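First to last, the protein sequences are chains B and R.
Heads up: the first sequence begins at 1 in the working numbering, then just goes up one per residue.
Heads up: the second sequence begins at 1001 in the working numbering, then just goes up one per residue.
Hint data in this document are derived by calculation from the structure and do not stem from the laboratory.
Certain hints may be false.
With beta-carbon atoms standing in for the labels, derived distance ranges [as the list claims (entries may be wrong)]:
1) B:Ala126 / R:Asp1033: 27 to 35 Å
2) R:Pro1020 / B:Arg23: 43 to 51 Å
3) R:Ser1035 / B:Leu148: 38 to 46 Å
4) R:Ala1107 / B:Arg37: 23 to 31 Å
5) R:Ala1147 / B:Pro20: 28 to 36 Å
6) B:Leu148 / R:Glu1058: 42 to 50 Å
7) B:Ala126 / R:Pro1005: 40 to 48 Å
So, partial list: chain B residues that the calculated Cβ filter (under 10 Å) puts toward chain R [unchecked claim]:
8) Arg105
9) Val136
10) Glu150
The structure presented is a predicted model; accordingly, all values stated were derived computationally and were not measured.
Just so you know, even glycine gets a beta-carbon here, dropped at the ideal spot from N, CA and C.
2 protein chains.
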Amino acid sequence: MLIRPATRADDGAIAPILLPVVRAGETYALERDLSERDALAFWHSPGHSVFVAEVAGEVLGSYFLRANKRGGGSHVANCGYIVAGHATGRGIARAMAQHSFDRARAAGFRAMQFNFVIATNRRAVALWLGLGFEQVGRLPGAFDHPALGEVDALVLYRRL
Amino acid sequence: MLIRPATRADDGAIAPILLPVVRAGETYALERDLSERDALAFWHSPGHSVFVAEVAGEVLGSYFLRANKRGGGSHVANCGYIVAGHATGRGIARAMAQHSFDRARAAGFRAMQFNFVIATNRRAVALWLGLGFEQVGRLPGAFDHPALGEVDALVLYRRL
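One chain only, chain B, in its complex shape (with noise of 0.2 Å):
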């Protein structure tokens, strides 16, 4: 598995995992109804580094890097991680996020902290668990879920 920084380039190849991600409207808090090019506006938001996940040449998965906050808060990365729908369970996000730990040290970041895990995202919350995030806030009923109403979403922390 290749992990490299993207190049709008590559817009053509990440927008078909974000779309459904998008459309699906079960673990980002994004409009569910957001145009392709809206989506990829927010992927590559100001200040965020974006990189791609390739396996023999194809990208099945991408992340971005941030700031979680400015000032005072600039000392905390943020990140966000999709992986192709018929590419799950192959490591892809746990390698991601390994590789995102290491850069975000690298541009200085102390720790990490992911604001919104939706308490349904099982998969996800066990993944970042056992990558050492500790859960240090719990938002109820935060997420208006498609199919289950208002949900809980996580708070998780990780010193870097």
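Place chain R on chain B using the hints.
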């Protein structure tokens, strides 16, 4: 006290309240050397509804109201409040808070979340807990305080 929507004509009154808060760097996660223009641009960010509190025609406080998250998180509001240094202890923050709850409810928000209340800001923490907020998270060392170094930030949540 009159609390009313702000216009850009209020910037001249908001700036002398906002700038000292930014320069102190003890309560907001913003660059301490932010220009007046950029500080006001932050206060009036897209999606922010900005209000001012005035007493006898003098603006003594301001707050913004926005959706805390997009998509499935857009039923939760977020606010930021500032009070002029010479006007603290006069109930202005409390009055703006009550006003913001009403405005948020009227706009259809079902809860309000403060993402990053600096734990050393005891006056603010006491005010919010007294107004029905619950501490739902504690972010260890997530704020680099200019005098105290890494201090915790709190996540507060309140149903509306």
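Status of each hint after checking the structure:
1. B:Ala126 / R:Asp1033: 27 to 35 Å: violated (42 Å)
2. R:Pro1020 / B:Arg23: 43 to 51 Å: holds (46 Å)
3. R:Ser1035 / B:Leu148: 38 to 46 Å: Hint holds: Cβ distance 45 Å, inside 38 to 46 Å.
4. R:Ala1107 / B:Arg37: 23 to 31 Å: With a Cβ separation near 28 Å, R:Ala1107 and B:Arg37 satisfy 23 to 31 Å, so the hint holds.
5. R:Ala1147 / B:Pro20: 28 to 36 Å: Because 48 Å falls outside the window, the suggested range is violated.
6. B:Leu148 / R:Glu1058: 42 to 50 Å: Given about 49 Å between the Cβ atoms, the range holds.
7. B:Ala126 / R:Pro1005: 40 to 48 Å: holds (46 Å)
8. Arg105: Violated: closest Cβ of chain R sits about 16 Å from B:Arg105, beyond 10 Å.
9. Val136: holds (5 Å)
10. Glu150: Constraint on B:Glu150 satisfied, holds at 8 Å.
In the structure shown, a violation is registered for the earlier hints numbered 1, 5 and 8, in ascending order.
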